[in-house]
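Chain by chain, the residues run as shown.
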Amino acid sequence: MDFQFTPEQAAFREEAARWIKENLPPGWEGQEGDPESPENIQVAREFRKRLAAKGWLALGWPKEYGGSTGRNADPMAQVVFDEVCASLDAPVLDDSSQPLGETLITYGTEQQKSVWLKGIAEGRWLWAQLYSEPGAGSDLASLQTTAVEEGDEFVINGSKTWNSAYIGADMGFLLARTSTDTPRHRGISLLLVDLKSPGIQVSKLPLMGGGHRGLVYLDNVRVPKANLVGERDRGWSIALALLDRERSSVAQAARCQRLLERLIALGKEVPGPDGRPVASNPVMRHRLAQAATEVEILRVLGYQVTWMQGQGYIATNEASICKVLGAEVLQKVALIGMQMIGLYQNLDAKERWAPLRGQVASLYWSAFTESVSGGTSEINRNIIATRGLGLPRG
Amino acid sequence: MEFNLSETQQLLLNSARSFLEQECPSTFVRAMEEDERGFTPELWERLAEMGWLGLAFPEAYGGAGQDFLSLTMLLERMGRFLLPGPFFSTVVLAGLPIAEHGTEPQKRQFLPPMADGELLMTLALTEPSARYDPGGIQLQASREGDQYLLNGAKLFVPNANVADHLVVAARTQEGTGSEGITLFIVPSNAHGVSQRLLWTVASDRQSEMTFHNVQAPRDGMLGEVHQGWPILERVLQQAAVAKCAEMVGQAEAMLGMTVSYASQRVQFGHPIGSFQAIQHHCANMAIDLEGARAITSLAAWRLAQGLHAEREVAYAKGWTSDAVRRIAALAHQCHGAIGFTREYDLQLYSRRAKANEVAFGDSDFHRERVALALGI
Ligand SMILES: Cc1cc2nc3c(=O)[nH]c(=O)nc-3n(C[C@H](O)[C@H](O)[C@H](O)COP(=O)(O)OP(=O)(O)OC[C@H]3O[C@@H](n4cnc5c(N)ncnc54)[C@H](O)[C@@H]3O)c2cc1C
Numbered sequence: 003m004d005f006q007f008t009p010e011q012a013a014f015r016e017e018a019a020r021w022i023k024e025n026l027p028p029g030w031e032g033q034e035g036d037p038e039s040p041e042n043i044q045v046a047r048e049f050r051k052r053l054a055a056k057g058w059l060a061l062g063w064p065k066e067y068g069g070s071t072g073r074n075a076d077p078m079a080q081v082v083f084d085e086v087c088a089s090l091d092a093p094v095l096d097d098s099s100q101p102l103g104e105t106l107i108t109y110g111t112e113q114q115k116s117v118w119l120k121g122i123a124e125g126r127w128l129w130a131q132l133y134s135e136p137g138a139g140s141d142l143a144s145l146q147t148t149a150v151e152e153g154d155e156f157v158i159n160g161s162k163t164w165n166s167a168y169i170g171a172d173m174g175f176l177l178a179r180t181s182t183d184t185p186r187h188r189g190i191s192l193l194l195v196d197l198k199s200p201g202i203q204v205s206k207l208p209l210m211g212g213g214h215r216g217l218v219y220l221d222n223v224r225v226p227k228a229n230l231v232g233e234r235d236r237g238w239s240i241a242l243a244l245l246d247r248e249r250s251s252v253a254q255a256a257r258c259q260r261l262l263e264r265l266i267a268l269g270k271e272v273p274g275p276d277g278r279p280v281a282s283n284p285v286m287r288h289r290l291a292q293a294a295t296e297v298e299i300l301r302v303l304g305y306q307v308t309w310m311q312g313q314g315y316i317a318t319n320e321a322s323i324c325k326v327l328g329a330e331v332l333q334k335v336a337l338i339g340m341q342m343i344g345l346y347q348n349l350d351a352k353e354r355w356a357p358l359r360g361q362v363a364s365l366y367w368s369a370f371t372e373s374v375s376g377g378t379s380e381i382n383r384n385i386i387a388t389r390g391l392g393l394p395r396g
Numbered sequence: 021m022e023f024n025l026s027e028t029q030q031l032l033l034n035s036a037r038s039f040l041e042q043e044c045p046s047t048f049v050r051a052m053e054e055d056e057r058g059f060t061p062e063l064w065e066r067l068a069e070m071g072w073l074g075l076a077f078p079e080a081y082g083g084a085g086q087d088f089l090s091l092t093m094l095l096e097r098m099g100r101f102l103l104p105g106p107f108f109s110t111v112v113l114a115g116l117p118i119a120e121h122g123t124e125p126q127k128r129q130f131l132p133p134m135a136d137g138e139l140l141m142t143l144a145l146t147e148p149s150a151r152y153d154p155g156g157i158q159l160q161a162s163r164e165g166d167q168y169l170l171n172g173a174k175l176f177v178p179n180a181n182v183a184d185h186l187v188v189a190a191r192t193q194e195g196t197g198s199e200g201i202t203l204f205i206v207p208s209n210a211h212g213v214s215q216r217l218l219w220t221v222a223s224d225r226q227s228e229m230t231f232h233n234v235q236a237p238r239d240g241m242l243g244e245v246h247q248g249w250p251i252l253e254r255v256l257q258q259a260a261v262a263k264c265a266e267m268v269g270q271a272e273a274m275l276g277m278t279v280s281y282a283s284q285r286v287q288f289g290h291p292i293g294s295f296q297a298i299q300h301h302c303a304n305m306a307i308d309l310e311g312a313r314a315i316t317s318l319a320a321w322r323l324a325q326g327l328h329a330e331r332e333v334a335y336a337k338g339w340t341s342d343a344v345r346r347i348a349a350l351a352h353q354c355h356g357a358i359g360f361t362r363e364y365d366l367q368l369y370s371r372r373a374k375a376n377e378v379a380f381g382d383s384d385f386h387r388e389r390v391a392l393a394l395g396i
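Top to bottom, those sequences are chains R and H. If you read the first sequence in the working numbering, its first letter stands for residue 3, the second for the next number, and so on. If you read the second sequence in the working numbering, its first letter stands for residue 21, the second for the next number, and so on.
I should point out that these hints are in silico values taken from the structure, not numbers from a laboratory. Every residue, glycine too, gets a C-beta built ideally from N, C-alpha and C. Errors might be hidden in some of the hints.
[Said to hold, decoys possible] Some chain R residues well away from chain H (every beta-carbon gap over 12 Å; in silico):
(1) Q203
(2) P284
(3) P394
[As the list claims (entries may be wrong)] Cβ pair distances, simulated, as ranges:
(4) R216(H) to R264(R): 47 to 55 Å
(5) E363(H) to A13(R): 53 to 61 Å
(6) N24(H) to A55(R): 54 to 62 Å
(7) A13(R) to L392(H): 29 to 37 Å
(8) R52(R) to G197(H): 48 to 56 Å
(9) A55(R) to A297(H): 49 to 57 Å
Put together the whole structure using the sequences plus the hints.
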């Protein structure tokens with residue numbers, strides 16, 4: 003057992019941190035204002051281009067698909083990088099290129115790998131995950147979108163919701179039903195869809211915490227058969243493997259850590275109910291200490307999961323543990339922030355009185371979604387109980 | 021980063037599992053609850069044969085030269101099977117500090133017989149104030165020519181009823197600070213030492229002790245005069261993490277019992293483990309357990325590597341103390357009434373886990389230390 007980064011990982015961390023600082027806009031202190039504003043998206047796209055040029059959109063990938071050799075071929079390189087990015091508040095795009103690339107490496111045909119991986123490594127597209135439907139959330143396998151074979155193409159009809167298409171995503175990976183006479187999980191296929199195709203219409207759903215999610219309608223959308231990932235009717239397990247990879251709680255822990263540091267600094271300044279700095283209040287001290295403890299646990303668990311995946315172990319149970327804990331920790335840290343700022347929590351980010359540029363309140367409200375998106379905490383607990391502990395299914 | 025166990029660690033775990041399964045069934049644990057000493061000499065001999073008593077002592081002193089991380093892995097298994105006896109007090113509380121801070125003659129005198137199973141020891145640290153900070157140490161040591169005289173009381177001394185020697189934390193300078201604390205090694209049968217077993221809920225063997233003009237020779241000092249606190253600080257860190265390891269083992273057992281009970285117990289025509297409320301209780305136990313295991317390993321690893329570990333130790337004991345209490349409560353909840361009976365093994369675990377929760381600092385104590393480490 004060794005909790006230390008290898009010398010190569012440590013060196014990469016340093017290099018990544020240095021490089022990120024050099025390549026962020028001057029004076030960068032994290033996104034200002036609406037993360038979806040055209041300016042913010044522009045900055046994020048620009049940053050991604052530089053990452054692509056550096057070869058860092060393909061960390062840990064095999065060399066022949068645009069990955070690097072040497073130390074960055076380490077499966078841990080991606081998570082090390084994610085952690086550095088999160089701790090420096092590097093701009094993020096709502097995009098699923100990374101997990102898609104890793105999934106194509108495992109499940110794609112040679113032809114698909116040669117067509118898509120290079121472009122993904124170059125950051126050519128923004129990818130949206132088109133799984134959920136208005137009628138299919140936790141029970142994803144009940145999805146109704148259909149893909150019917152016609153000649154060299156699939157013809158898709160249905161609607162997909164809660165995705166990132168609203169941000170101007172170029173491509174989507176979509177789950178559709180390709181057979182109806184098979185057991186539910188057996189008739190589902192994974193298809194890569196150009197979101198500029200005729201028959202696609204995208205609309206935006208505004209969320210309570212700011213930001214949006216996308217709603218995609220597909221009306222006789224034609225997709226070449228070559229865009230089928232894996233075998234027809236066998237997309238379900240691929241889609242789930244992709245979900246497992248979607249989230250690293252290490253990055254989540256780094257985000258929480260960063261916020262916690264800011265809250266500690268803030269707590270030394272803002273007066274509490276008795277007029278003394280709120281961080282000196284014993285209850286507040288213990289809340290902060292508890293949160294710091296949980297953030298560290300989340301980080302260690304996240305590294306263990308990534309390490310397991312890198313070693314080829316199935317880590318579904320462990321990933322679910324990280325997911326549940328990660329949502330709770332983020333929500334807890336955000337709540338501590340709200341408790342610290344009291345009446346100020348009600349101020350909009352635009353308001354000049356808003357502490358930390360409104361970040362605390364905006365995080366608090368957006369953190370609500372963490373225990374729902376990417377599989378709800380209830381569903382993840384079901385997974386831990388049945389897959390992890392082997393309890394009988396209900 | 022690397023989370024595989026080494027071959028030696030894997031071997032240790034395997035042999036610990038089969039040995040404890042064989043030698044430490046719950047019938048034995050129950051029998052030892054009624055036993056005055058709390059363990060049997062035969063068992064102790066077997067532990068010596070396994071090489072566990074000297075596992076983390078240097079080879080030069082009869083030990084196996086393994087590190088603190090391996091020791092915590094063993095302790096985790098011992099917690100899993102509730103191994104009774106003075107292993108923790110002898111090895112963790114007395115053996116490790118002697119191995120790390122003892123003089124050459126002290127190491128030669130104490131470590132080999134400890135490793136061979138011929139010598140039992142403990143640390144007399146806490147007093148009726150029940151504090152783990154320097155201010156809690158008020159037992160007086162006054163200089164009398166070539167020796168010191170110890171006067172005062174100790175409380176919650178583990179396994180003092182069977183210990184041959186004691187490490188006693190005493191004040192050689194008045195005050196409440198970390199200066200002026202000195203550690204003395206004294207035989208437990210020294211004139212003026214008295215000991216009485218406490219009645220405890222966990223059926224562990226803790227004692228009340230009084231020291232009346234007990235003679236402590238100067239060469240029996242562990243470390244330098246007035247300089248005992250840094251040694252104790254390290255012992256307290258190791259002990260807190262070692263307790264976490266035991267608790268992880270105990271929690272694993274409680275979760276395992278709960279899962280197997282929930283898979284068998286049928287109500288409304290279905291195993292209760294198929295009901296989601298029960299599944300989520302179990303999932304929450306698993307989350308708490310994996311968190312405790314991860315943070316305990318991190319802290320143990322840092323201590324083994326000789327890295328600064330104040331913060332990680334506090335993370336580990338603070339979290340594990342709460343997590344294992346939650347696990348015990350949910351384990352009982354999922355069992356219904358049967359889990360409250362003496363006959364059922366769950367209570368053996370929940371009583372001990374509760375004692376471990378407060379030993380070497382409860383979660384409030386450690387959260388305060390985290391807060392200090394965070395600079396607030
Ligand atoms: C911010 C955000 C981003 C998202 N991004 C994407 C995306 O990019 N692509 C995409 O495809 N989807 C995305 N989603 C959708 C997300 O995957 C779903 O919201 C989620 O799986 C839950 O589905 P639902 O919202 O329909 O809730 P429902 O499934 O209707 O659940 C409602 C409640 O019922 C509970 N419940 C349901 N079934 C069970 C059960 N068996 N046992 C116990 N409780 C149960 C749930 O836990 C929840 O509390 C996103 C969602 C959010 C909030």
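Status of each hint after checking the structure:
| no. | hint | in the structure |
| --- | --- | --- |
| 1 | Q203 | holds (38 Å) |
| 2 | P284 | violated (8 Å) |
| 3 | P394 | violated (4 Å) |
| 4 | R216(H) to R264(R): 47 to 55 Å | holds (53 Å) |
| 5 | E363(H) to A13(R): 53 to 61 Å | holds (59 Å) |
| 6 | N24(H) to A55(R): 54 to 62 Å | violated (36 Å) |
| 7 | A13(R) to L392(H): 29 to 37 Å | holds (32 Å) |
| 8 | R52(R) to G197(H): 48 to 56 Å | holds (55 Å) |
| 9 | A55(R) to A297(H): 49 to 57 Å | holds (53 Å) |
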